[in-house]
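A.B. asks: Chain by chain, the residues:
Protein chains: 2
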Amino acid sequence: MKSTAIFYHAGCPVCVDAEQNLAAALDPNRVNVEIVHFGDQPQRLGEAEQQGVKSVPALVLDGQVFHINFGASLSDLR
Amino acid sequence: MKSTAIFYHAGCPVCVDAEQNLAAALDPNRVNVEIVHFGDQPQRLGEAEQQGVKSVPALVLDGQVFHINFGASLSDLR
Chain A
1 MKSTAIFYHA GCPVCVDAEQ NLAAALDPNR VNVEIVHFGD QPQRLGEAEQ
51 QGVKSVPALV LDGQVFHINF GASLSDLR
Chain B
1 MKSTAIFYHA GCPVCVDAEQ NLAAALDPNR VNVEIVHFGD QPQRLGEAEQ
51 QGVKSVPALV LDGQVFHINF GASLSDLR
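Just so you know, the sequences run in chain order A and B.
Position 18, counted from 1, in the first sequence is what the UniProt record's numbering calls 18; the numbers after and before it change by one each time, with no gaps.
Position 5, counted from 1, in the second sequence is what the UniProt record's numbering calls 5; the numbers after and before it change by one each time, with no gaps.
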């Protein structure tokens, strides 16, 4: 079964680097990656917080949160 | 051309999670991933520091450093 990954970001330079390099390097045969930009989808901040996302960029892979470097706190995005 | 990635870790639980999930999800057709465990290869601490690695686990992808969550500072591993 394919893994599900959600990459949360906020358009910051650190986020864009992580998206274009790390998220883009995931195996498309094994992982379905959804990209969520909080600038476009602020209503998903709550969902991200509930999963344990504290900052962006973050990748939630099968429910496990990986914070990748540090762009911005979720609390600063509200 | 294939990307080159080095995943640095120190055997900590946070490191193992990142290795088994995030590093393992990279596309093997596009990325050659080398796993470096500082417990086995302490002589590579200097190389990691020179690339900008501050803590483990970290993934260096084509020279760009991605710190993934936080397991331990490199300075604590010396």
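Keep in mind that the hints are not guaranteed to be accurate.
Claimed, not checked - Beta-carbon label-pair distances, calculated as ranges: (1) B:S75 <-> A:E47: 20 to 26 angstroms; (2) B:Q51 <-> A:E34: 28 to 34 angstroms; (3) B:R78 <-> A:D40: 42 to 48 angstroms; (4) A:Q50 <-> B:I35: 30 to 36 angstroms; (5) A:P13 <-> B:K54: 35 to 41 angstroms; (6) B:P28 <-> A:R78: 36 to 42 angstroms; (7) A:E49 <-> B:D76: 40 to 46 angstroms; (8) B:A24 <-> A:S75: 28 to 34 angstroms; (9) A:V16 <-> B:T4: 29 to 35 angstroms.
Unchecked claim - Okay, the calculated bits of chain A under chain B, using three or more residues with CB under 8 angstroms as the criterion: (10) 9-15; (11) 45-56.
FYI, nobody ran anything at the bench for these hints, they're computed from the structure.
In this text the structure is predicted, and so the values were computed from the model without any measurement.
Beta carbons are placed, not taken as given, at the ideal position from N, Cα and C, and that holds for glycine.
A.B. asks: Tell me the hint numbers this structure goes against, listed in increasing order.
C.D. replies: 1, 5, 7, 9, 10, 11
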